[in-house]
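Asker: Read top to bottom, the protein sequences are chains A and B.
According to my numbering, the first sequence holds residues 149 to 615 in order.
According to my numbering, the second sequence holds residues 18 to 182 in order.
Derived by calculation from the structure, the hints in this document are not laboratory data.
Since we're looking at a predicted model, the values are computed, not measured.
It cannot be assumed that every hint is accurate.
[What the hints assert, rightly or not] Heads up, simulated BS3-like pairs for lysine-lysine below, C-alpha to C-alpha not over 30 Å straight-line: (1) A/LYS585 / B/LYS85; (2) B/LYS85 / A/LYS508; (3) A/LYS502 / B/LYS85; (4) B/LYS173 / A/LYS508; (5) B/LYS85 / B/LYS182.
[What the hints assert, rightly or not] Listed below are several chain A residues computed to face chain B (Cβ distance under 10 Å; list not exhaustive): (6) SER425; (7) GLU555; (8) GLY563.
Heads up, the beta-carbon is just placed ideally off N, CA and C, and yes, glycines get one too.
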Amino acid sequence: MLNRSDASMTNFCLGRRSLLAAGATSLLAVPLRGALAQTAPANPGAPSAVIDVDRARAAPIPIAIPALSGAGGDTERLGRDIAGVITNNLARSGLFRPIDQAGFIVSPTGNPGDLPNFQNWKAVGAQAVVTGKVESEGADKVRVEFRLWDVLPGTQIQGTAYTTTLSNWRRIAHIISDVIYERLLGEKGYFDTRIVYIAGSGPRDRRIKRLAIMDQDGENNRFLTDGTFMALTPRFHPTKDEIAFMSYANDRPRVYLFDLGTGRQQVLGDFHGITLSPRFSPDGSGVVMAQTDDAGSSIYAVDLASHHSRRLTDSGAIDVSPCYSPDGSQIVFNSDRDGDQQLYLMGADGSGVKRISFGKGRYATPVWSPRGDLVAFTRISGGLFSIGVMHPDGSGERILSESWYVEGPTFAPNGRVLMFWRETQGVGPRARGATAKLVSIDITGFNEREVTTPTDASDPAWSPLLS
Amino acid sequence: MSIKTMGTLKLLGALSAVALLAACADKPATTAAATGTGTTAMAPSIVPGSEEDLAKNVGDRVFFTFDKAALSSDSKATLDRQAAWLTKYASVNVQIAGNCDERGTEEYNIALGQRRANAARDYLVAKGAASARITTISYGKDRPSVMGSDETAWAKNRNAITSVK
Numbered sequence: 149m150l151n152r153s154d155a156s157m158t159n160f161c162l163g164r165r166s167l168l169a170a171g172a173t174s175l176l177a178v179p180l181r182g183a184l185a186q187t188a189p190a191n192p193g194a195p196s197a198v199i200d201v202d203r204a205r206a207a208p209i210p211i212a213i214p215a216l217s218g219a220g221g222d223t224e225r226l227g228r229d230i231a232g233v234i235t236n237n238l239a240r241s242g243l244f245r246p247i248d249q250a251g252f253i254v255s256p257t258g259n260p261g262d263l264p265n266f267q268n269w270k271a272v273g274a275q276a277v278v279t280g281k282v283e284s285e286g287a288d289k290v291r292v293e294f295r296l297w298d299v300l301p302g303t304q305i306q307g308t309a310y311t312t313t314l315s316n317w318r319r320i321a322h323i324i325s326d327v328i329y330e331r332l333l334g335e336k337g338y339f340d341t342r343i344v345y346i347a348g349s350g351p352r353d354r355r356i357k358r359l360a361i362m363d364q365d366g367e368n369n370r371f372l373t374d375g376t377f378m379a380l381t382p383r384f385h386p387t388k389d390e391i392a393f394m395s396y397a398n399d400r401p402r403v404y405l406f407d408l409g410t411g412r413q414q415v416l417g418d419f420h421g422i423t424l425s426p427r428f429s430p431d432g433s434g435v436v437m438a439q440t441d442d443a444g445s446s447i448y449a450v451d452l453a454s455h456h457s458r459r460l461t462d463s464g465a466i467d468v469s470p471c472y473s474p475d476g477s478q479i480v481f482n483s484d485r486d487g488d489q490q491l492y493l494m495g496a497d498g499s500g501v502k503r504i505s506f507g508k509g510r511y512a513t514p515v516w517s518p519r520g521d522l523v524a525f526t527r528i529s530g531g532l533f534s535i536g537v538m539h540p541d542g543s544g545e546r547i548l549s550e551s552w553y554v555e556g557p558t559f560a561p562n563g564r565v566l567m568f569w570r571e572t573q574g575v576g577p578r579a580r581g582a583t584a585k586l587v588s589i590d591i592t593g594f595n596e597r598e599v600t601t602p603t604d605a606s607d608p609a610w611s612p613l614l615s
Numbered sequence: 018m019s020i021k022t023m024g025t026l027k028l029l030g031a032l033s034a035v036a037l038l039a040a041c042a043d044k045p046a047t048t049a050a051a052t053g054t055g056t057t058a059m060a061p062s063i064v065p066g067s068e069e070d071l072a073k074n075v076g077d078r079v080f081f082t083f084d085k086a087a088l089s090s091d092s093k094a095t096l097d098r099q100a101a102w103l104t105k106y107a108s109v110n111v112q113i114a115g116n117c118d119e120r121g122t123e124e125y126n127i128a129l130g131q132r133r134a135n136a137a138r139d140y141l142v143a144k145g146a147a148s149a150r151i152t153t154i155s156y157g158k159d160r161p162s163v164m165g166s167d168e169t170a171w172a173k174n175r176n177a178i179t180s181v182k
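Produce the entire structure from the sequences given, and follow the hints as far as they go.
Answerer: Here it is, written out as C-alpha cells:
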C-alpha cells in the first residue's frame, strides 16, 4: 500500500480551499528529494512505524517531534510552535504517543537533510521522528522543510517543503500533521480542517447564539455573526467556503447560506413555513432541509442553481434532520411518524422509506459517516442522552458516550472521529453552573476529549479537509 | 460540610433573597404574568387590549405535556378566554410562539414548538378568531420562560405563548 521508494516524490495539491485566515494566501508544496531519499535502508528487515488505525488505538505510535530548526528570531520561534501544534494534533488523536522532549538525547540542530541519529531516537523509544527547518524568505514569507523518518529501518518516509506567508504557519503545521497521519496510518487525516459551531453566551432565557468558526484544535476562533439574531445548526458546504445555517433574523426563522469569503448571507428558497436542519448534498449542488407545516414538518431538496425545491416526504408527522449518504443516493432522517422520534432511511427522491432504529428510547440527529459505513445519532433513553453509531441498515448499534445531555454528532472528514456537544445540568432556578462544551471522541468510543472554546459551544459541524 | 461553608451558603441565600425582592419591587407585573392565570379584576394601570392585559387578565400561555402538542382542558379554557378577548379587541393582531423544554434535540424541538403554536392557533381560529390576525413562530428549546433544569421548570417551558404583535 505504501511504496516507500516513491514516498519522497509525493506531491501535494494544496490550497484547493482557502477559508478565512488562509484567505488569499497561496501555499506551495514541493517534494524534497536530496541524497537521503535514495539512501538505502540502514536496517531493511526492521519493523516499521507504519501500522493501521486499529493497531494504533491499542498501541499508539511513539513519535519524536523535536522543534524544527530555525536561524534565530521568528524562524526559531516558528520551528518550536509548528512542532508544538503537530505534537498537540497527534496526541489528541489518541493514535500517536509524542515522546516528551525532555528525554531527547540529541538536540536537533543544523541541516535537516542530515541523517538523524537513529540509535539515539531508538533509545528514547521513538518509532518515527520528525525533523525540519524554517527559513525566512523575505518580509512575510517562510519556507518550512519537513521530513518524516521511520526509526527502526532507518528510512525517510516523507520529505516536503512548504512556502507560505508567516501568518499561515498554523495551516502548515496541520498539513504536516495530516501527512504524518496518512503516511504512518495509511489513511487521510483530519487536522487541516475547521469547525463551525454555535457560541452561546448570556442567561439561558435570553441566550445569545452566534455563528462561530475555528480550527479543529480550537485555535483561530472567529465569531461570524454579532448576536443580534439567533443562529442555529450550521453545516459546511463540501467544496466551497460556504455554510448553511438557520437564522432567526427579522423573527422569520429560515435556512440561510453564509459565504465565508464575503460574509454575505442569503435566505435559501422562498418557503411559507420555518425552514430548518439544512445539509448540503455530497456534490454541493443542493441542500436538503425541513419545512414546518400544519402537522409537523416535511423534507425538501433545494437545487442551489435554480433554487427549485422538491418535496420528499409527506407523512403528516415531524420529518426533520435529513442527511445524505456519501454517494448521494440515500437520505437518513428523523421522524415521529410512528409515535416518537426514530431514524428512517429513504432514497434521495423520497422513495422506499424504511425505519432503521429499533433500540430502547428515542433517536435523533442522524449523520452519515463520510466513509459510508456508519450513521451517528443522538439517543434519548432512561432520562439520559447518548451519542452512538449504527450501520445504515440499523444493525450494530454502539453507544459511545452517555450523560445528562449530549447531542449532535458530526464526523471528521476521515470518518474516524466524532465531535458533539455536552451540557451539564444547572442547579436551582437560575440553573447555576450549567455549561455547554464541545467534545471529540474516536468512533470506537475511546479518547473522549473536551474541545476548548472561548464561550459555551453547541452544534458543531466539521469541515472537509481544506487541502 | 464545615460550619464555615454552611455559614457562607446561608449568607449567599440571604443575599439572593434580597436581590429577588428588589427585582419584584421594580416589576410587579412580571411575576403575575408568568403564572398565566387570568383574573377578572383589572388593575387600573393596565391598558385594555394590551399585551399586559392579555397576560394578566386573560392568560397569555398554555402548557403541554412532554413531547406532545395536545391541548388540555385547562389550555382550552385559557384559549377560550383569548378568543373572547380577540373578539373584543378586533384590531389587535397576535403572535403565538411555541416552546419546548430542554430535554429534546434542537431541530426536532423547533418542529415540535411549531406544532404547539399551530395547535393553539387552530383552536383560536375554530373559536372564531380570524387566521389573518394570528402569526406563529417556534423557538424550540431556545427561549425558555424559566431557567431551571428540573421537571417544574420544564413543565413551564413546554408552552405556546400569545403576545400582541
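Asker: Now look at each hint and say whether the structure bears it out.
Answerer: Hint-by-hint comparison with the structure:
1. Our distance criterion of 30 Å between C-alpha atoms is met by A/LYS585 and B/LYS85, whose separation comes to about 29 Å.
2. Our distance criterion of 30 Å between C-alpha atoms is met by B/LYS85 and A/LYS508, whose separation comes to about 19 Å.
3. Taking the CA atoms of A/LYS502 and B/LYS85, the gap is near 24 Å; set against the 30 Å cutoff, the hint holds.
4. Restraint check for B/LYS173 and A/LYS508: satisfied, since their Cα atoms lie roughly 27 Å apart, inside the 30 Å limit.
5. Taking the CA atoms of B/LYS85 and B/LYS182, the gap is about 26 Å. The hint holds against a cut of 30 Å.
6. This hint holds: A/SER425 has a C-beta 4 Å from the nearest C-beta of chain B, less than the 10 Å allowed.
7. Checking A/GLU555 against chain B: minimum C-beta separation of about 5 Å stays under 10 Å; hint holds.
8. A hinted interface residue such as A/GLY563 counts as satisfied when its beta carbon comes closer than 10 Å to some beta carbon of chain B; here the least separation is about 22 Å, so the hint is violated.
This entry does not satisfy hint 8, going by the numbered hints stated previously; all others are met.
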